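Trainee: Spelled out, the chains give:
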Amino acid sequence: MPNEPALPVNKDVALTACHECDLLVRETDRPDASHYSALCPRCGALLYRHSRHSLEHTLALACACLVLLVVANTFPVVGLNIQGQRIDTTVIGAALQLWREDMLAVAILVLVTTTLTPLLEMAAVIWLVLPLMLGRRPPAFARVFRVLQAAHPWAMVEVFLLGILVALVKLSHLAEVLPGPAMLCFGALMLLLTAVSALIEPRDLWRAWEEARE
Amino acid sequence: MSAPYQAAATGKTACPNCGLLGSPATEPACLRCGTPLHLRKPNSIQRSWALLIAAFVLYLPANLLPIMETRSLFGPQQDTIMSGVAYMWSSGSWVLASVVFIASILVPLLKMLSLTVLLVSVQRRSNRQPLQRTKLYRFLELIGRWSMLDVYVVTIVVALVQFQSLATIRPGAGVIAFAAVVVLSMLATQAFEPRLIWDAVDNPAPKEITS
Numbered sequence: 001m002p003n004e005p006a007l008p009v010n011k012d013v014a015l016t017a018c019h020e021c022d023l024l025v026r027e028t029d030r031p032d033a034s035h036y037s038a039l040c041p042r043c044g045a046l047l048y049r050h051s052r053h054s055l056e057h058t059l060a061l062a063c064a065c066l067v068l069l070v071v072a073n074t075f076p077v078v079g080l081n082i083q084g085q086r087i088d089t090t091v092i093g094a095a096l097q098l099w100r101e102d103m104l105a106v107a108i109l110v111l112v113t114t115t116l117t118p119l120l121e122m123a124a125v126i127w128l129v130l131p132l133m134l135g136r137r138p139p140a141f142a143r144v145f146r147v148l149q150a151a152h153p154w155a156m157v158e159v160f161l162l163g164i165l166v167a168l169v170k171l172s173h174l175a176e177v178l179p180g181p182a183m184l185c186f187g188a189l190m191l192l193l194t195a196v197s198a199l200i201e202p203r204d205l206w207r208a209w210e211e212a213r214e
Numbered sequence: 001m002s003a004p005y006q007a008a009a010t011g012k013t014a015c016p017n018c019g020l021l022g023s024p025a026t027e028p029a030c031l032r033c034g035t036p037l038h039l040r041k042p043n044s045i046q047r048s049w050a051l052l053i054a055a056f057v058l059y060l061p062a063n064l065l066p067i068m069e070t071r072s073l074f075g076p077q078q079d080t081i082m083s084g085v086a087y088m089w090s091s092g093s094w095v096l097a098s099v100v101f102i103a104s105i106l107v108p109l110l111k112m113l114s115l116t117v118l119l120v121s122v123q124r125r126s127n128r129q130p131l132q133r134t135k136l137y138r139f140l141e142l143i144g145r146w147s148m149l150d151v152y153v154v155t156i157v158v159a160l161v162q163f164q165s166l167a168t169i170r171p172g173a174g175v176i177a178f179a180a181v182v183v184l185s186m187l188a189t190q191a192f193e194p195r196l197i198w199d200a201v202d203n204p205a206p207k208e209i210t211s
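If you read the protein sequences in the order shown, they are chains A and B.
At position 8 of the first sequence the residue is numbered 8 (the working numbering), and the sequence of numbers has no breaks.
At position 26 of the second sequence the residue is numbered 26 (the working numbering), and the sequence of numbers has no breaks.
Careful: at least some of the hints might be erroneous.
[Stated by the list, open to error] Far from chain A by the CB rule (all over 12 Å, computed), these chain B residues: (1) Asn43; (2) Arg47; (3) Pro76; (4) Met82; (5) Arg125.
[To be verified] Partial selection, computed: residues in chain B whose CB lies under 10 Å from chain A: (6) Thr13; (7) Asn17; (8) Arg32; (9) Gly34; (10) Ser91; (11) Thr134; (12) Met148; (13) Val182.
I should point out that these hints are in silico values taken from the structure, not numbers from a laboratory.
Remember, it's a predicted structure, so these values are computed and weren't measured experimentally.
Positions of the beta carbon are idealized from the N, C-alpha and C atoms, including for glycine.
The task is simple: from the sequences and hints, build the whole structure.
Mentor: This is the structure we're talking about:
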């Protein structure tokens, strides 16, 4: 164990530690500013940020994402037309095709990274934020929040979108390619998911949780 | 900078889930949210090495085995990642060829090599360029996901090119190895503990912070 505390740890001063370099930092509140962020003075990592209407905005964007996810998975992403013979595919259809080719692991990976993880993330966001806005503590708050943070790196909608584009250009030598409605949805989804993850702030959520009723 | 500014020197750590400061010695779990507290991620170096070596091993089949097998009127053809890039380059899609080359070949390789450098430097308790190394780690977390590009391209192409009489494309075994490289190297990056970079700076004496 390290020796005695080298810094006087005062109960009145809110301290936090940088997640990347372990520097002890004094937290500051700026009640006048509508949004601000704090970076670690030593390594530049984002310590925390705050925006005044983050809960409302997060909830609205998360609902929009859920709608887009449904549309993105029911309509075809892309289609091909060879001499009047037309084939198009949805994400689930593409995953099923991989499964038929004995690539179950890859099929699951594709489905998880493009659809299931964003779905799980948005469901978790709504689970957390909706009760907080009504002034109540959501059940299993900490566990759902942990799931949300663990799931985040595995949502790869933006990479998928680039993958669709590359596939389209590759196949355009072979046949007429027909971009489907779901492609637009994935484009919009990419922007909205980025916005939601930029708005979700652990410190604000936990403060709202502390202020809410049991 | 010396020890007083380091949270671990006061026996404290920020909860990885909610950010509240806690003392792992007296509170095994965060008082607010119940997340297990550790001064440093447990066994991060071993876990990171194990995942990284697995990724290195699979990088070979990922690049040598075919990722797509085409059967068409012109006969069967097998494509590896590199032959796909070469085909796109020679057919005039330079931008696309570069994008796929960077995402599928350069990014995974650079990522694994950088993580190796980080792990070795942390094990040698190097105190050189901690800021640059932290930025490198942050960059690795950012770019790792883009290697999934080729997996998605194969998925879409395989789903679309199913014209029984003219041409069918099947996924090759390389896809499984390639997807595994991406997932394993992402897990290896997550297992790495960036605070170890700064421990060598904050405690020049060889004293390791564990648990």
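Trainee: Take the hints in turn and mark each one as holding or not.
Mentor: Now the hints, each set against the structure:
1. Asn43: holds, 18 Å
2. Arg47: holds, 16 Å
3. Pro76: holds, 15 Å
4. Met82: holds, 15 Å
5. Arg125: holds, 15 Å
6. Thr13: holds, 6 Å
7. Asn17: Because about 5 Å separates B:Asn17 from the closest Cβ in chain A, which is inside the 10 Å limit, the hint holds.
8. Arg32: holds, 7 Å
9. Gly34: holds, 5 Å
10. Ser91: Hint on B:Ser91: holds, closest Cβ of chain A at ~7 Å, below 10 Å.
11. Thr134: Hint holds; B:Thr134 Cβ to chain A Cβ min 5 Å, cut 10 Å.
12. Met148: holds, 5 Å
13. Val182: With a closest approach of 9 Å, the B:Val182 hint holds.
Consistency with the previously given hints is maintained throughout, with no hint failing.
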